[in-house]
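Colleague: In the UniProt record's numbering, the protein residues as written are 1 to 92.
Hints were generated in silico from the structure; no laboratory data involved. C-beta atoms are modelled at their ideal positions from N, C-alpha and C, and glycine is treated no differently. The reader is advised that the hints may include incorrect statements.
[Claimed, not checked] Derived pair list, reagent style DMTMM-like, types lysine to aspartate or glutamate, alpha-carbon separation capped at 20 Å:
hint	residue 1	residue 2
1	K44	E56
2	K19	D62
3	K6	E56
4	K13	E56
5	K26	E56
6	K58	E48
7	K19	E8
8	K13	D57
9	K19	D57
[Claimed, not checked] Pairwise CB distance ranges, derived in the manner of DEER restraints:
hint	residue 1	residue 2	range
10	R17	Q63	14 to 20 Å
11	S64	M41	27 to 33 Å
12	F18	M55	15 to 21 Å
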Amino acid sequence: MLEEFKEEEIVNKVGGRFKLSSLIQKRIVALNRGARPLVEMQTKNHMEIVVQEIMEDKIYLDQSGEVAVTDDGSPLDAIEYDDAGPSLEDLV
Numbered sequence: 001m002l003e004e005f006k007e008e009e010i011v012n013k014v015g016g017r018f019k020l021s022s023l024i025q026k027r028i029v030a031l032n033r034g035a036r037p038l039v040e041m042q043t044k045n046h047m048e049i050v051v052q053e054i055m056e057d058k059i060y061l062d063q064s065g066e067v068a069v070t071d072d073g074s075p076l077d078a079i080e081y082d083d084a085g086p087s088l089e090d091l092v
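Make a model of the complete structure from these sequences and hints.
Modeller: See below:
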């Protein structure tokens with residue numbers, strides 16, 4: 001029951017299941033490309049990181065459907081990438 005409540009809470013926070021799916025997919029791609037997590041966690045599981053970022057209101061989908069950071073609204077695809085690309089650890 002608690003997991004069902006959390007699921008509905010996050011769906012409502014983002015604005016629907018389609019938006020949630022899109023936000024998660026785009027943010028995981030960004031993390032795989034070398035973007036840094038916006039939350040401190042002891043895991044490398046990108047799904048857990050993204051869910052925590054959403055729950056802490058760190059990321060959202062802007063009006064054009066791009067992932068944005070709540071601080072300044074910058075698209076995440078344009079920031080925080082390492083020029084060398086992701087390491088093997090980032091991809092696992």
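Colleague: All hints are to be evaluated individually against the structure, with a verdict given for each.
Modeller: Each hint, compared with the structure:
For the suggested pair K44 and E56, the alpha carbons sit about 18 Å apart, so the restraint of at most 20 Å is met. At roughly 10 Å between alpha-carbon atoms, K19 and D62 fall within 20 Å of each other, so this suggested pair holds. Note on K6 and E56: the hinted pairing holds, with a Cα-Cα distance of about 13 Å set against a maximum of 20 Å. Between the alpha carbons of K13 and E56 the distance comes to roughly 10 Å, so the proposed pair stays at or under 20 Å and holds.
Under the criterion of a C-alpha separation no larger than 20 Å, the hint pairing K26 with E56 is consistent with the structure, at around 17 Å. For the proposed pair K58 and E48, the alpha carbon gap of about 14 Å is at most 20 Å, so the pair holds. A hinted pair counts as satisfied when its Cα atoms are at most 20 Å apart, and K19 with E8 qualifies at roughly 13 Å. Distance restraint check for K13 and D57: the Cα-Cα separation of roughly 9 Å lies within the 20 Å cut-off, and the hinted pair is therefore satisfied.
Only pairs whose Cα atoms come within 20 Å are accepted, and K19 paired with D57 is accepted, the gap being roughly 15 Å. Restraint check, R17 to Q63: a C-beta distance of roughly 19 Å satisfies the suggested window 14 to 20 Å. Separated by about 28 Å at the C-beta atoms, S64 and M41 satisfy the suggested range of 27 to 33 Å. Checking the proposed 15 to 21 Å range against F18 and M55 shows it holds: the Cβ atoms sit about 19 Å from each other.
The structure shown violates none of the earlier numbered hints.
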